[in-house]
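Asks: Assemble the whole structure, with the sequences as input and the hints as a guide.
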Amino acid sequence: MKIRRVRFAVLREEEVSEYPQDRLYAGELHMWGNGEWFKRNRKLDTPGDRVRVGFTTFVIGQIPDRGLRVQLPEVGSYVELGDYFGRVSWSLEEDADSDEEWEDGDTAPGEGWSDFCAPVEAKVVAVNTELANTPELLIRDPYGEGWLFEMEIHDHKPKSDFNWDADGYAEFIAQDSD
27 MKIRRVRFAV
37 LREEEVSEYP
47 QDRLYAGELH
57 MWGNGEWFKR
67 NRKLDTPGDR
77 VRVGFTTFVI
87 GQIPDRGLRV
97 QLPEVGSYVE
107 LGDYFGRVSW
117 SLEEDADSDE
127 EWEDGDTAPG
137 EGWSDFCAPV
147 EAKVVAVNTE
157 LANTPELLIR
167 DPYGEGWLFE
177 MEIHDHKPKS
187 DFNWDADGYA
197 EFIAQDSD
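Residue numbers for the sequence shown follow the numbering used here, so the first one is 27 and each next one is one higher.
If you are wondering where the hints come from, they were derived from the structure by calculation, not from laboratory data. Any given hint could turn out to be false.
Stated by the list, open to error - Quick list of in silico lysine to aspartate or glutamate cross-link-like pairs, EDC-like style, CA-CA up to 20 angstroms: (1) K149 <-> E100; (2) K65 <-> D187; (3) K149 <-> E119; (4) K69 <-> E176; (5) K183 <-> E62; (6) K65 <-> E178; (7) K149 <-> E176; (8) K69 <-> D48.
Predicted model only: the values in this text are computed from it and were never measured.
Replies: Laid out in structure tokens, this is it:
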């Protein structure tokens, strides 16, 4: 699979004071998760529950907005909590070539990256294919169109890092920034 590297400019909020209240957060992974289960009881605890996952604006604010590309997990893969199964990468060079292509999984010279971990033990059932052609959605709309993947729970009370509500996550960020 070829991934096209693109250059773009976006406006970022200097400071995000609130996180959406309609989801739970995996603190140290800086990921959010939501789905029908949140409306039901705010817990991922029933086989068949699906969770849509994305990065929080805190981590998005750490990623340069040049040469961005996203490598998502394979649909159908089952992951354990904490497994590395995706990557976000970006150019370290100010004048990144926006048309350069390379193979999925490669690391190009002058590239920075961050691997991400599974925030919950589950099966990957969908990925945001729009990110292959429009990776800037991660930055432009991280709580909407910039979602990463969707997972389906197979066990009652699966291992999960989605332990904090929006206020708890905001407090964690404030303490971690001190």
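Asks: Could you work out which of the previously given hints the structure breaks and list their numbers from low to high?
Replies: 3
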